[in-house]
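Q: The task is simple: from the sequences and hints, build the whole structure.
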Amino acid sequence: MNSQNSVAEERELLCAVALNAMLPLANERTLQAAYYILRGRKANQTLQDVHLYNLYPYYRMFPGFSKEDWDKIVATLFQNDYLQPCEGEGPSPKPTFLVTANGRQFAEHAYEKYGFAVWFAPFTRFDLAARIESFWQRLHLLVQTVSQLLGKDLGFVPVVMDKSVQQWVKEQVGPARLREAWEAGLSEELFRLWEPLQPQVQELLVAQLSGVSQVGKTLGQLAKQKQSSKVYLTLLFRYGLAASILRLSEEKQAFPLLSRLVVQENKLDPRLSDSAARTYALVQRGIHKAEIAAQRQVKESTVEDHLVEIALRCPEWDAADYLSSETRAAIMAASEQLQTSRLRLIKDRVGPTVSYLQIRLALARRQEESNE
Amino acid sequence: MNNEWQQQLQQHFGYGEFRPGQESIIKRVLAGKSVLGLMATGGGKSVTYQLPALLLPGITVVVSPLISLMVDQVQQLRTKRKIPAAYLNSTQEAAEAREVLQKIASGQCKLLYISPEKLQQPYVQQALKRATVSLFAIDEAHCISAWGHDFRTDYLRLPDTVKQLGNPPVLAVTATATTAVREEICSLFGIDRENVVVQTLNRANIAYDLAEVGGESERRQLTFDLIDQLAGPGIVYCSTRQAVEVLVAAYQLEGKRHVDGYHGGMNSMERMLIQTQFLAGELDVIIATNAFGMGIDKPDIRYVIHYQLPASLEAYSQEIGRIGRDGQPGYAMLLYSQDDIHLHQYMLDKEYPTPAQIQQFCQLYGAGAPPDPKALASIDMSEEMAAMLTFYTERALGKAQVSTTTEMANPVQDIWQETEKRKAVKQKKLAEMRSYVLTDRCLRKHLNQYFGESDLGFTRFCCSRCGLQRESYEGRQTALLQREVQNSWNLRQALDMLLPKK
Numbered sequence: 001m002n003s004q005n006s007v008a009e010e011r012e013l014l015c016a017v018a019l020n021a022m023l024p025l026a027n028e029r030t031l032q033a034a035y036y037i038l039r040g041r042k043a044n045q046t047l048q049d050v051h052l053y054n055l056y057p058y059y060r061m062f063p064g065f066s067k068e069d070w071d072k073i074v075a076t077l078f079q080n081d082y083l084q085p086c087e088g089e090g091p092s093p094k095p096t097f098l099v100t101a102n103g104r105q106f107a108e109h110a111y112e113k114y115g116f117a118v119w120f121a122p123f124t125r126f127d128l129a130a131r132i133e134s135f136w137q138r139l140h141l142l143v144q145t146v147s148q149l150l151g152k153d154l155g156f157v158p159v160v161m162d163k164s165v166q167q168w169v170k171e172q173v174g175p176a177r178l179r180e181a182w183e184a185g186l187s188e189e190l191f192r193l194w195e196p197l198q199p200q201v202q203e204l205l206v207a208q209l210s211g212v213s214q215v216g217k218t219l220g221q222l223a224k225q226k227q228s229s230k231v232y233l234t235l236l237f238r239y240g241l242a243a244s245i246l247r248l249s250e251e252k253q254a255f256p257l258l259s260r261l262v263v264q265e266n267k268l269d270p271r272l273s274d275s276a277a278r279t280y281a282l283v284q285r286g287i288h289k290a291e292i293a294a295q296r297q298v299k300e301s302t303v304e305d306h307l308v309e310i311a312l313r314c315p316e317w318d319a320a321d322y323l324s325s326e327t328r329a330a331i332m333a334a335s336e337q338l339q340t341s342r343l344r345l346i347k348d349r350v351g352p353t354v355s356y357l358q359i360r361l362a363l364a365r366r367q368e369e370s371n372e
Numbered sequence: 001m002n003n004e005w006q007q008q009l010q011q012h013f014g015y016g017e018f019r020p021g022q023e024s025i026i027k028r029v030l031a032g033k034s035v036l037g038l039m040a041t042g043g044g045k046s047v048t049y050q051l052p053a054l055l056l057p058g059i060t061v062v063v064s065p066l067i068s069l070m071v072d073q074v075q076q077l078r079t080k081r082k083i084p085a086a087y088l089n090s091t092q093e094a095a096e097a098r099e100v101l102q103k104i105a106s107g108q109c110k111l112l113y114i115s116p117e118k119l120q121q122p123y124v125q126q127a128l129k130r131a132t133v134s135l136f137a138i139d140e141a142h143c144i145s146a147w148g149h150d151f152r153t154d155y156l157r158l159p160d161t162v163k164q165l166g167n168p169p170v171l172a173v174t175a176t177a178t179t180a181v182r183e184e185i186c187s188l189f190g191i192d193r194e195n196v197v198v199q200t201l202n203r204a205n206i207a208y209d210l211a212e213v214g215g216e217s218e219r220r221q222l223t224f225d226l227i228d229q230l231a232g233p234g235i236v237y238c239s240t241r242q243a244v245e246v247l248v249a250a251y252q253l254e255g256k257r258h259v260d261g262y263h264g265g266m267n268s269m270e271r272m273l274i275q276t277q278f279l280a281g282e283l284d285v286i287i288a289t290n291a292f293g294m295g296i297d298k299p300d301i302r303y304v305i306h307y308q309l310p311a312s313l314e315a316y317s318q319e320i321g322r323i324g325r326d327g328q329p330g331y332a333m334l335l336y337s338q339d340d341i342h343l344h345q346y347m348l349d350k351e352y353p354t355p356a357q358i359q360q361f362c363q364l365y366g367a368g369a370p371p372d373p374k375a376l377a378s379i380d381m382s383e384e385m386a387a388m389l390t391f392y393t394e395r396a397l398g399k400a401q402v403s404t405t406t407e408m409a410n411p412v413q414d415i416w417q418e419t420e421k422r423k424a425v426k427q428k429k430l431a432e433m434r435s436y437v438l439t440d441r442c443l444r445k446h447l448n449q450y451f452g453e454s455d456l457g458f459t460r461f462c463c464s465r466c467g468l469q470r471e472s473y474e475g476r477q478t479a480l481l482q483r484e485v486q487n488s489w490n491l492r493q494a495l496d497m498l499l500p501k502k
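Chains as they are written, first to last, in this note's numbering: chain A, 1 to 372; chain B, 1 to 502.
Simulated from the structure, these hints should not be mistaken for lab results. Computed from a prediction, not measured in an experiment: that's the story for all the values here. Treat the hints loosely; a few may be bogus.
[Claimed, not checked] Taking lysine-lysine pairs in the DSS-like style, the calculated list, with each CA pair at most 25 Å apart, reads:
#1 B/Lys256 - A/Lys224
#2 B/Lys350 - B/Lys428
#3 B/Lys428 - A/Lys163
#4 B/Lys33 - B/Lys163
#5 B/Lys163 - B/Lys118
#6 B/Lys501 - A/Lys170
#7 A/Lys163 - B/Lys163
A: In structure tokens form, the structure reads like this:
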């Protein structure tokens, strides 16, 4: 493939990713919803969309996206007749969109052609997108440091500037015994970890690393070298990292060294935003939301947002204090019948005795189950 | 040379000898004098405060305006020079900053790099007082002068800060200061004339070239030809990120050399990889915005091409100052067109507020200081402009408080006069830059005179006005190619390479 082709591939892939992310959002969300997901916005609305519509692989796929980048893609999608604008429903409708038959066909075709099913497979859990970056930073700096140690050349400039990552690596290679373990075992563990992956993914991971004998390449440079597109390599790269994280979490014994990379030592519950984690600590002590709001000096609606976040991410939490099983069943039935996750429509169906909080909790829990 | 200095110089910096000017600055600093040091870019300014930091009790504070530079220097001090150093700036998290402050207060730190705004925080000053500041170094000291090309309002608070910290001796260093700027620095910090140490700013090994271009395609072709022909490593400076990206993509399609781009919009790991590849000789040329180059320790850069006209002679001389720090001959090419001047003029007009904008800002400020991003967006004002206006508004209000009139005068007019003064300075810088490219006399003489330098010596060629042969800077060798991509990928082999057996 020459470079003209890789430019074309880049464009096609961007459209394909965007459109596939937008498919389940059609007629329910605005044109911007998928942009927030791909960019990895941390707002509750976005996080809930990711859950409700099962869009885990897309979350934070392109953190560097600008609004202009997105508008360009959307314009192309409209030009190619893949999308149609559409008026929303309900009392205060927001404009939404529909995916045309053409668009559906293009999305499915590209999904097949570029092997999305393979590259998206490890993204079954919510927290992976957030963990990928810190995992890669730790791994990158750790490999660089151990490589320099092995090459007996410690006058190097670290590729990762983030202080917390540097601190973590320092803790790993500081104590002599641990350092020796890393020096002796890192290469072998990496080999076993990555051996099952596709060769192109292996190469992509190794070529980006730096050490005593090589300076890592950027994704852009590798795309050029491989005459591929940066977007495609991004898919493969994220796949490789997510698969690594999953395996290390599941097989801690088999990877005594590398599994340290996936330990989350944050004292607050790492699955939650800091604020929600503080709320959760109080929830676990049996304190009611009104009192939590008073204690933490936040609005009660904020605490309700936290409860939804907890319901989404902490399967062990029992929401019975806020949501009886009957109410829950009624909400689920309404959602089924209406074929929607839109709160307003469900609320109109189930009536005024059911609160928005209850509907949100019920929907969050449904997602949790479908992932089991 | 003093024995102890020599030993420290050798042990921490790996030099047997001082470079010109270093010793006389250090001697004065260690005698407790406040000093202004002028040294050419690449002349070894940092040693003049790093070495005294080791010899003096207490802590040396280094005020530095650029966060990336700060991080680089501290990194190098710790790893290469084994000097306990730290930095404080706005990018750090609270916990990290606390840790640094504890280290300072307990005396575990010899050098602290700090941004001027961080230095204003009372708890930082307290920690520093406890550690006792024995030297207050100001890097890029020209930033304090309203005559400087790089004026930073934050720097204006530094003389007060020095007093707060118990009047330690001040070492102001810069590579680009006109006579007016020098005088201003000396009066602000009470530096005696005899303690101004000036090293020659003349760069004898650099040859200066100029070319006017008609349009974009001519500009690009000329640049690509130069990249193909000149002996590297080299840097091409562009005015915008977009220009960098377009130029890199175009060159990579047809050019012969290994070239990549660098600008502030790339993520930090990418920037670090590109920079390291350049230092390691895997890239011949970096095409970059002015974000690239500060604190880069690469002595063998053979040329710098300016794809567009820089905004000032100060910026220009700083950027070409990265050529040939090893003393070997190097080549500086400046491309310009009439459009460049118009573009700078346009950006200049946009950078400074109109009276109407100041009026709007003051209303927001009065409503509840200082305005948040949303409020700023509502009046379509950049954060940079808001920061500038905040400074002048605070100052105007402060003046109003001490004055005896009970009614506060309308500050808009005062503030506007201040910003117009700033704008006029930049306008003048642009005019100086313009006159440099339009001159028909010796470029070296023109540039050096601007900085009050009379030494005009050169090693190979002087400049295109005096006559130079560009071929003498051409060369064939290109960067060492990484081992050709192997036909069959082998994970085991690749890992053995990356992580060699002990």
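Q: Of the hints given before, which are not true for this structure?
A: 3, 7
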